[in-house]
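Keeping their order, the protein sequence lines are chains A and B. Numbering of the first sequence is given in this note's numbering, commencing with residue 1 and proceeding in unit increments. Numbering of the second sequence is given in this note's numbering, commencing with residue 1 and proceeding in unit increments.
One should not assume that every hint holds.
Below, simulated BS3-like cross-link-like pairs (lysine-lysine); rule was C-alpha separation at most 30 Å, straight line [what the hints assert, rightly or not]:
#, chain 1, residue 1, chain 2, residue 2
1, B, Lys181, B, Lys110
2, A, Lys379, B, Lys112
3, A, Lys292, A, Lys455
4, B, Lys245, B, Lys92
5, A, Lys288, B, Lys245
6, B, Lys267, A, Lys288
7, A, Lys278, B, Lys112
8, A, Lys358, B, Lys178
9, A, Lys455, B, Lys140
10, B, Lys28, B, Lys258
11, B, Lys92, B, Lys110
12, A, Lys288, B, Lys140
13, B, Lys110, A, Lys288
14, A, Lys379, B, Lys185
15, B, Lys243, A, Lys358
16, A, Lys358, B, Lys258
17, B, Lys245, A, Lys358
18, B, Lys185, A, Lys358
19, A, Lys278, A, Lys379
20, A, Lys358, B, Lys267
21, A, Lys23, A, Lys358
22, B, Lys267, B, Lys245
23, A, Lys358, B, Lys92
24, B, Lys92, A, Lys278
25, B, Lys140, A, Lys547
26, A, Lys278, B, Lys127
27, B, Lys110, A, Lys292
28, B, Lys110, A, Lys358
29, A, Lys278, B, Lys140
30, A, Lys292, B, Lys127
31, A, Lys278, B, Lys185
32, A, Lys288, A, Lys455
33, B, Lys185, A, Lys292
34, A, Lys278, B, Lys110
35, B, Lys92, B, Lys28
36, B, Lys28, A, Lys292
37, A, Lys288, B, Lys28
38, B, Lys267, A, Lys379
39, A, Lys379, B, Lys258
40, A, Lys292, B, Lys140
Note that these hints are calculated values from the structure, not bench results.
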Amino acid sequence: MRILPQWSLPLLKKELVEQAVRKRTYAIRGVYAAALSVAFLMFFYSQYSSMSIENLEILGSGQFVFEFIVGLQFAGIFIFLPAMMCGALTLEKEHGSMAPLILTGMTPWQIINQKYLGRLVPMFSMLLLSLPLFAIAYAFGGISAGYLFGSAYLLLLACLEVGAASLMASAIASTTTTAFVLSYVLLLLCGMPIAIWEGSAGSDPFFVILIQTIPTIVFTAAFLGIARGCLLRNAFPRRRKSFLKAIFTQIDLVMNQANKYAWNVLLVRDRDTLPTDKPIEWRELTRKSLSKTRYLFRMLVAIELPILLITAFIFMESPFRRSMSEAVSALLFLLWPLAVLIISVNASGAFASERAGKTLDVLLVTPIPGREIIRQKMKPVWRLTLVLVIPFLTLFLVKAINEYGAGATWPTKGFSYKDPLAKAAEPMLYVMVSTAVVAIFLPMFSYVSLWIGLKARTRFRAILTTLTTIVVWCVLPILLVGVLTDFDMDRGSAGFLAVFSPLVIIPSIELDEFLVREEWVFVILTFLWHAGVFFYFRALCRFNADKYLGRVPYPFTGPRATIKPHLDM
Amino acid sequence: MAYVEVENLWVVYGRTVAVRDLSFQIPKGEVFGFIGPNGAGKTTTIRVLATLLRPAFGTARIGDTDVMYAAQAIRRRIGFMPDTFGVYEELKVYEYLSFFAAAYEIEAAKRKSVIGDVLALTDLSEKSDTPVDALSRGMKQRLGLARILLHDPEFLLLDEPASGLDPRARIEIREILKELKNMGKTILISSHILHELAQVCTRIGIIEAGRMGVEGSLDEIYRRLQVTRNMDVRIVNLTDEMKEKIAKIPGVSSVEEKPDRLSIEVKQREVEAEDLLDALHALGARIQMFQPETTDMETVFMRLTEGKTA
Numbered sequence: 001m002r003i004l005p006q007w008s009l010p011l012l013k014k015e016l017v018e019q020a021v022r023k024r025t026y027a028i029r030g031v032y033a034a035a036l037s038v039a040f041l042m043f044f045y046s047q048y049s050s051m052s053i054e055n056l057e058i059l060g061s062g063q064f065v066f067e068f069i070v071g072l073q074f075a076g077i078f079i080f081l082p083a084m085m086c087g088a089l090t091l092e093k094e095h096g097s098m099a100p101l102i103l104t105g106m107t108p109w110q111i112i113n114q115k116y117l118g119r120l121v122p123m124f125s126m127l128l129l130s131l132p133l134f135a136i137a138y139a140f141g142g143i144s145a146g147y148l149f150g151s152a153y154l155l156l157l158a159c160l161e162v163g164a165a166s167l168m169a170s171a172i173a174s175t176t177t178t179a180f181v182l183s184y185v186l187l188l189l190c191g192m193p194i195a196i197w198e199g200s201a202g203s204d205p206f207f208v209i210l211i212q213t214i215p216t217i218v219f220t221a222a223f224l225g226i227a228r229g230c231l232l233r234n235a236f237p238r239r240r241k242s243f244l245k246a247i248f249t250q251i252d253l254v255m256n257q258a259n260k261y262a263w264n265v266l267l268v269r270d271r272d273t274l275p276t277d278k279p280i281e282w283r284e285l286t287r288k289s290l291s292k293t294r295y296l297f298r299m300l301v302a303i304e305l306p307i308l309l310i311t312a313f314i315f316m317e318s319p320f321r322r323s324m325s326e327a328v329s330a331l332l333f334l335l336w337p338l339a340v341l342i343i344s345v346n347a348s349g350a351f352a353s354e355r356a357g358k359t360l361d362v363l364l365v366t367p368i369p370g371r372e373i374i375r376q377k378m379k380p381v382w383r384l385t386l387v388l389v390i391p392f393l394t395l396f397l398v399k400a401i402n403e404y405g406a407g408a409t410w411p412t413k414g415f416s417y418k419d420p421l422a423k424a425a426e427p428m429l430y431v432m433v434s435t436a437v438v439a440i441f442l443p444m445f446s447y448v449s450l451w452i453g454l455k456a457r458t459r460f461r462a463i464l465t466t467l468t469t470i471v472v473w474c475v476l477p478i479l480l481v482g483v484l485t486d487f488d489m490d491r492g493s494a495g496f497l498a499v500f501s502p503l504v505i506i507p508s509i510e511l512d513e514f515l516v517r518e519e520w521v522f523v524i525l526t527f528l529w530h531a532g533v534f535f536y537f538r539a540l541c542r543f544n545a546d547k548y549l550g551r552v553p554y555p556f557t558g559p560r561a562t563i564k565p566h567l568d569m
Numbered sequence: 001m002a003y004v005e006v007e008n009l010w011v012v013y014g015r016t017v018a019v020r021d022l023s024f025q026i027p028k029g030e031v032f033g034f035i036g037p038n039g040a041g042k043t044t045t046i047r048v049l050a051t052l053l054r055p056a057f058g059t060a061r062i063g064d065t066d067v068m069y070a071a072q073a074i075r076r077r078i079g080f081m082p083d084t085f086g087v088y089e090e091l092k093v094y095e096y097l098s099f100f101a102a103a104y105e106i107e108a109a110k111r112k113s114v115i116g117d118v119l120a121l122t123d124l125s126e127k128s129d130t131p132v133d134a135l136s137r138g139m140k141q142r143l144g145l146a147r148i149l150l151h152d153p154e155f156l157l158l159d160e161p162a163s164g165l166d167p168r169a170r171i172e173i174r175e176i177l178k179e180l181k182n183m184g185k186t187i188l189i190s191s192h193i194l195h196e197l198a199q200v201c202t203r204i205g206i207i208e209a210g211r212m213g214v215e216g217s218l219d220e221i222y223r224r225l226q227v228t229r230n231m232d233v234r235i236v237n238l239t240d241e242m243k244e245k246i247a248k249i250p251g252v253s254s255v256e257e258k259p260d261r262l263s264i265e266v267k268q269r270e271v272e273a274e275d276l277l278d279a280l281h282a283l284g285a286r287i288q289m290f291q292p293e294t295t296d297m298e299t300v301f302m303r304l305t306e307g308k309t310a
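Just need the whole structure built from these sequences, with the hints factored in.
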């Protein structure tokens, strides 16, 4: 080590030791192994449950299993690696340890490479978990050596590319939250290894795959090069506030310039007010850029205007008009994740940002009750929710009006359209049910996010946990329905589980025409479950506000400890 | 009668005992200096008194009110300044104080005069329209003091108020503390800048590894520990006989002859510098140089602590 100091790799060692002592590393690895094994067993069961072991049909069928495992591994790389890699450099910046790191004898390339390797090693260890499964698949036959090596090579390459893209995001961004979002956006550039793998389907020779992957290698090298370039340039980023302020100042400039052509109409004027009796609410609504009325109005315009333009275009162009409902549904499918993302990020970050800014303690020693602090703090989230409800309502109404107009062309639905009221019944019902979904789901997501944010120590952890929870919550019941159906459970009974996923009812309303199929039990149960979740988390946040915020609850009714702690007496 | 009473306090984080069986009292109007190495349990104790932490065992009372059972009443009675605290940087100084005046439910009609008073006390009147993020660290610290004075609390909890400040800012903070002391506020202050504590505090408590080592007034502690102090003296007509006579002066512990001076060790608070000087003159010594070392709380601190954490 002493003879060749450049090979001592101190940063890599530190990264690996840090990860080795964290319980989270093993928890993630355990979850990954469990998910992989369960998925494999499910697939295996669905493929081979009907075959006997003596059946020759089973021979050569290993390729299906193999493809399934490789597909899972690609999914694992795309889901886990950005989250693992995005904090590699931003955490150093956030903890103020970037300067000492740069001042060591290490070159920027050494820092980049060791950080890169340090985060890739755990991912490789997760990929290795599938080796026994590959062995089983290989034992069934039907996999050529070239396909095996080609797939392993493409998995490795996907790791390198996704890792490099996320590291670049980490070098560019000043906070882990920004790096996290940017990493997942950059995944759009990293799909080539999967495309090659799917395209080759085991038939292409290895050298062909090698040649096809040259652009991926170039991309990976470019990502690392950019990360190297940004390492020093962005090592000491401007404070987030200044960055946001700069953005909003620029928006103001553009808007004021544009307003000259609109007769200088001023809808909302900023006023210099002072807090009256709700100081937190006052600060949230009048002093934070994102909560100010004029910015919310701009956000509304930015979302609502394209929606209105698209729907107006489709409405006017008769060839597209027939597919109006499908277009509106497509817009709703885009709007839902956007709305949930915006609300969740805001609600989960509400208190995490106070903790990060070290402003929470001084707030907690004031006599404002905990639930009142939460109520006032959530005010901008409700405003934001209201703004986001408007595009939803617009789309619901557009679809309802279109269906009302087109109702006569769908006599098969069994409605009598002679009576205008009867004709309007279904569109009205659609608007009512859809509005109820929005009215229940958006507050529910905000309270779940708030609860997670109250428990999380950092903003990044709050947002990451919230988004992961929402994704798992949406997907898990659907997966369970699939598993139970595969295990020959009655489809109706298994389908009952879909009630627990917020993801099912929306496409069901939009595409399944459930109103025609009269699946009211499903709708009512879904509403009841999600309304229950909303009220539960709302009560949890309100009644435990002081405890979650980190102060002695009032009124405190617990008993006083009468026995001294037994620890180290 | 003690205004603040902490009895047998235990605070546990998981398997770590941060504070163990801590007891102390602060009489009304006293300034209590809380001293200890990093990780000794000072901040934890202060957080218990500030209603931010529940003890595992023991009681803490402020003005006969139990901190744990009447947190809301305590919050109206205390002013807490944490060791590091953020400020709402999008606000101006006046807006920041208005925010907390509203949070402390000060009547709207009185707020202007209250804010004016605390700005004057902390010498920030000219900065009332300045954005908070444009203030220097020292000014932010003074703004923190202004904030905790808004609701005229009886008891102030100051966790390292002068840490990280330059000498001028430290002196300014010290002057404000003296002013608050004169106003009759009861203050608990933790600090590492020991000689400054010595100037402000009427009592000190030295805590290490979650336990209270010594507690009392500065004089009591010096006396109890028999802290010594060195006086460097250069005597032109020094003889062996005179050296022996100096060693016999009451309160002198030892006399050591160094190449260019005589180092006389005296017991702190038994012999003052001027007394020793008089005694030396009485012995006929012709003094060329007389240099008492500064009183050192550092000596007390180092003697009582070993740098152990809880």
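Do the hints match the structure? See the list:
1. As the CA atoms of B/Lys181 and B/Lys110 are separated by approximately 24 Å, the hinted pair is consistent with the 30 Å bound.
2. Among the hinted pairs, A/Lys379 with B/Lys112 is consistent with the structure: their alpha-carbon atoms are about 27 Å apart, no more than 30 Å.
3. Distance restraint check for A/Lys292 and A/Lys455: the Cα-Cα separation of roughly 27 Å lies within the 30 Å cut-off, and the hinted pair is therefore satisfied.
4. This hinted pair does not check out: B/Lys245 and B/Lys92 have alpha carbons roughly 67 Å apart, beyond 30 Å.
5. For the suggested pair A/Lys288 and B/Lys245, the alpha carbons sit about 76 Å apart, so the restraint of at most 30 Å is broken.
6. Simply put, B/Lys267 and A/Lys288 have alpha-carbon atoms about 61 Å apart, too far for the 30 Å limit, and the pair is violated.
7. This hinted pair checks out: A/Lys278 and B/Lys112 have alpha carbons roughly 17 Å apart, not beyond 30 Å.
8. For the suggested pair A/Lys358 and B/Lys178, the alpha carbons sit about 27 Å apart, so the restraint of at most 30 Å is met.
9. Between A/Lys455 and B/Lys140 the alpha-carbon distance is near 29 Å, which keeps this suggested pair within the 30 Å criterion.
10. Between B/Lys28 and B/Lys258 the alpha-carbon distance is near 48 Å, which puts this suggested pair outside the 30 Å criterion.
11. For a cut-off of 30 Å, the pair hint linking B/Lys92 to B/Lys110 stands: about 19 Å separates their Cα positions.
12. About 21 Å separates the Cα atoms of A/Lys288 and B/Lys140, which keeps this hinted pair within 30 Å; it holds.
13. Taking the CA atoms of B/Lys110 and A/Lys288, the gap is near 27 Å; set against the 30 Å cutoff, the hint holds.
14. Among the hinted pairs, A/Lys379 with B/Lys185 is inconsistent with the structure: their alpha-carbon atoms are about 37 Å apart, more than 30 Å.
15. At roughly 60 Å between alpha-carbon atoms, B/Lys243 and A/Lys358 are farther apart than 30 Å, so this suggested pair is violated.
16. The hinted pair formed by A/Lys358 and B/Lys258 fails the criterion: a straight-line CA distance of about 53 Å is larger than 30 Å.
17. This hinted pair does not check out: B/Lys245 and A/Lys358 have alpha carbons roughly 61 Å apart, beyond 30 Å.
18. Restraint check for B/Lys185 and A/Lys358: the C-alpha separation of about 26 Å stays at or below 30 Å, so the hint holds.
19. Of the pairs offered as hints, the one joining A/Lys278 and A/Lys379 holds, with about 11 Å between alpha carbons and a cut-off of 30 Å not exceeded.
20. Proximity of A/Lys358 to B/Lys267 is assessed by CA-CA distance (about 45 Å); at most 30 Å being required, the pair is judged violated.
21. For a cut-off of 30 Å, the pair hint linking A/Lys23 to A/Lys358 stands: about 26 Å separates their Cα positions.
22. Restraint check for B/Lys267 and B/Lys245: satisfied, since their Cα atoms lie roughly 17 Å apart, inside the 30 Å limit.
23. The suggested pairing of A/Lys358 with B/Lys92 holds, with an alpha-carbon distance near 18 Å, which does not exceed 30 Å.
24. A C-alpha spacing of about 18 Å is found between B/Lys92 and A/Lys278, which places the hinted pair at or below 30 Å, so the restraint holds.
25. The hinted pair formed by B/Lys140 and A/Lys547 meets the criterion: a straight-line CA distance of about 29 Å does not exceed 30 Å.
26. Between A/Lys278 and B/Lys127 the alpha-carbon distance is near 25 Å, which keeps this suggested pair within the 30 Å criterion.
27. Distance check on the hinted pair: B/Lys110 and A/Lys292 sit about 28 Å apart at the alpha-carbon level, within 30 Å; holds.
28. Between B/Lys110 and A/Lys358, the direct Cα distance comes to roughly 29 Å. Compliance with the 30 Å bound is thereby established for this hinted pair.
29. For the proposed pair A/Lys278 and B/Lys140, the alpha carbon gap of about 24 Å is at most 30 Å, so the pair holds.
30. Proximity of A/Lys292 to B/Lys127 is assessed by CA-CA distance (about 26 Å); at most 30 Å being required, the pair is judged to hold.
31. Of the pairs offered as hints, the one joining A/Lys278 and B/Lys185 holds, with about 29 Å between alpha carbons and a cut-off of 30 Å not exceeded.
32. Straight-line distance between C-alpha atoms of A/Lys288 and A/Lys455 comes to about 23 Å, which keeps the hinted pair within the 30 Å bound.
33. Distance hint between B/Lys185 and A/Lys292 is unfulfilled; the C-alpha atoms sit about 41 Å from each other, more than 30 Å.
34. Distance hint between A/Lys278 and B/Lys110 is fulfilled; the C-alpha atoms sit about 17 Å from each other, no more than 30 Å.
35. Distance hint between B/Lys92 and B/Lys28 is unfulfilled; the C-alpha atoms sit about 35 Å from each other, more than 30 Å.
36. Annotation: proposed proximity of B/Lys28 to A/Lys292 is violated, straight-line Cα distance about 46 Å (limit 30 Å).
37. Restraint check for A/Lys288 and B/Lys28: the C-alpha separation of about 42 Å exceeds 30 Å, so the hint is violated.
38. Between B/Lys267 and A/Lys379 the CA atoms are separated by roughly 64 Å; this puts the pair beyond 30 Å, and the hint is violated.
39. Distance check on the hinted pair: A/Lys379 and B/Lys258 sit about 74 Å apart at the alpha-carbon level, beyond 30 Å; violated.
40. For a cut-off of 30 Å, the pair hint linking A/Lys292 to B/Lys140 stands: about 26 Å separates their Cα positions.
Figure legend: structure checked against the earlier numbered hints; hints not met, in rising order: 4, 5, 6, 10, 14, 15, 16, 17, 20, 33, 35, 36, 37, 38 and 39.
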